[in-house]
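Start from chain A and add chain B according to the hints.
Chains A and B, in that order, are what the protein sequence lines are.
Going by this note's numbering, the first sequence opens with residue 1294, and the numbers climb by one from there.
Going by this note's numbering, the second sequence opens with residue 22, and the numbers climb by one from there.
Derived by calculation from the structure, the hints in this document are not laboratory data.
Treat the numbers as computed from the prediction; the structure is a model and nothing was measured.
Hints may be right or wrong, so weigh each one.
Computed Cβ-Cβ distance ranges for the label pairs, DEER-style [said to hold, decoys possible]: (1) A:Thr1332 / B:Trp178: 35 to 45 angstroms; (2) B:Phe185 / A:Ser1391: 54 to 64 angstroms; (3) A:Val1334 / B:Trp178: 43 to 53 angstroms; (4) B:Phe185 / A:Val1400: 46 to 56 angstroms; (5) A:Thr1365 / B:Met211: 40 to 50 angstroms; (6) A:Val1400 / B:Val137: 14 to 24 angstroms; (7) B:Pro90 / A:Val1360: 24 to 34 angstroms; (8) A:Val1400 / B:Ser85: 48 to 58 angstroms; (9) B:Lys141 / A:Gly1481: 42 to 52 angstroms; (10) A:Gly1422 / B:Leu177: 17 to 27 angstroms; (11) B:Pro90 / A:Gly1481: 17 to 27 angstroms.
We treat Cβ as the ideally placed atom computed from N, Cα and C, and that holds for glycine.
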Amino acid sequence: MDFVKLLELVIAASLINNFVFTRFLGLCIFFGVSKKMETAVGMSITFTMVMVVSAAVSWLIYTYLMVPYELTFLKIIIFIGVVAALVQASDTVMRKISPVLYYKLGVYLALIATNCIIIAVPLINSGEGYNFIESLFFGLGSGLGFSLALIIMASIREKLELADVPAPFRGMPLAFVTTGLIALAFTGFAGLITL
Amino acid sequence: MTNWQLIKNGIFAENTIFKLAISLCPSIAVTNSVKNGFVLGIAVLFVQTMVNVTVSAMRNIINSKIRIPVFMLVISGWVTVVDMIVAAMAPEAYKQIGLYIQIIVAFASILARAEVFASKNTFVPSMFDGIGMGIGFMVALVIISFFRELLGRGSLWGFAFVDFKPLLIMIMPAGGFFAVGILMAFFNWMELRGGKAPSHH
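With the rest of the complex left out, here is chain A:
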């Protein structure tokens, strides 16, 4: 396995094809939890963990169950089941093993059960035909990219709280325009590396 290739995959998934700014996935969560830095950080950690694990598990199921038995047309149903079960399982495991961590991150776990990003990772992995290691790193890169987006947004919105904004733009509209500006900055990453 070529290490440089994997590094490129992580950079591509996190910066160039950032989930929020160029693929537009997970916007509900992105706008929902980016108001405070603390929640944004908690969400980022949980998200990245679940993404890597779900990428791994769904790759195994896809390759060793769905492909041999020709069930790939059911991938939407199966992946949503896998992800939901996985989130539920990590909820239970986390509560037993580390109650402190559960107390901090448990709320976010419940939120991401049916989030579009989490379901998009296995779908993209199977669509692109990544192998096991590549799938893992794609999940990691996507998670890091989403974390970066959340943390940038949270730090901007904390400042925006103090700004005097025209009434019609208060709340969501301003958040959208801000995201547009960040997205514009992120287009600068396009062409950073060519895969």
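Just chain B, lined up with the frame of chain A:
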């Protein structure tokens, strides 16, 4: 509420994108051309209606303890159906928006209507609720993509008819966020002028 009121409720009072501000991903992802916006709108309209109808028909036999997994199963079943239909009937559009059609499965709006409305109401009102919510979603996508395609490409539905140097930014990712933000602000402004406070935050 009458059936007509149910449809109007979905289009105006509880418009998924502009009022409730949920299921936002496709509002930017597929709105760089009117055609893509329309195809996804139709897909959502179909899934929303069929899910509402199915859940409503089965509401008496679904155990309330496992209702959410059952709803998810119903939704992903219908999304698979739509996914295959679009792949077969509109292969060009499917290449661009295929991922977002599969993502319909994770739309909060569809699960929300199944839980809030269809599981408590009879067959016919649920159907009209689904149609209303679906049309509301489609209208929102078409409005956004109308502005983006017109300004960004100088065309509508692929037909170029405005002769000016297009604002390329409008079809880029950033333009999508700007378009939605400005449209939301515009609707807020209309409401503020009408003397009502904006209904979402």
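Hint check results:
At about 42 angstroms, the CB distance of A:Thr1332 to B:Trp178 agrees with the hint of 35 to 45 angstroms. For B:Phe185 paired with A:Ser1391, a C-beta distance near 60 angstroms keeps the hint of 54 to 64 angstroms intact. Here the CB-CB span from A:Val1334 to B:Trp178 is close to 44 angstroms, well matched to the stated 43 to 53 angstroms. Distance hint check for B:Phe185 and A:Val1400: the Cβ-Cβ separation is about 50 angstroms, which falls inside the suggested range of 46 to 56 angstroms.
Separated by about 47 angstroms at the C-beta atoms, A:Thr1365 and B:Met211 satisfy the suggested range of 40 to 50 angstroms. A:Val1400 and B:Val137 have their C-beta atoms about 22 angstroms apart, which keeps the hinted 14 to 24 angstroms range intact. Taking 24 to 34 angstroms as the suggested C-beta distance range, the pair B:Pro90 and A:Val1360 conforms, at roughly 25 angstroms. Under the hint 48 to 58 angstroms, the C-beta atoms of A:Val1400 and B:Ser85, about 23 angstroms apart, miss the expected range.
With their beta carbons about 50 angstroms apart, B:Lys141 and A:Gly1481 fall inside the hinted range of 42 to 52 angstroms. Checked against the hint of 17 to 27 angstroms, the C-beta distance between A:Gly1422 and B:Leu177 comes to roughly 36 angstroms, which is inconsistent with it. About 43 angstroms separates the C-beta atoms of B:Pro90 and A:Gly1481, a value inconsistent with the hinted range of 17 to 27 angstroms.
Checked against the numbered hints above, the structure breaks hints 8, 10, 11 and satisfies the rest.
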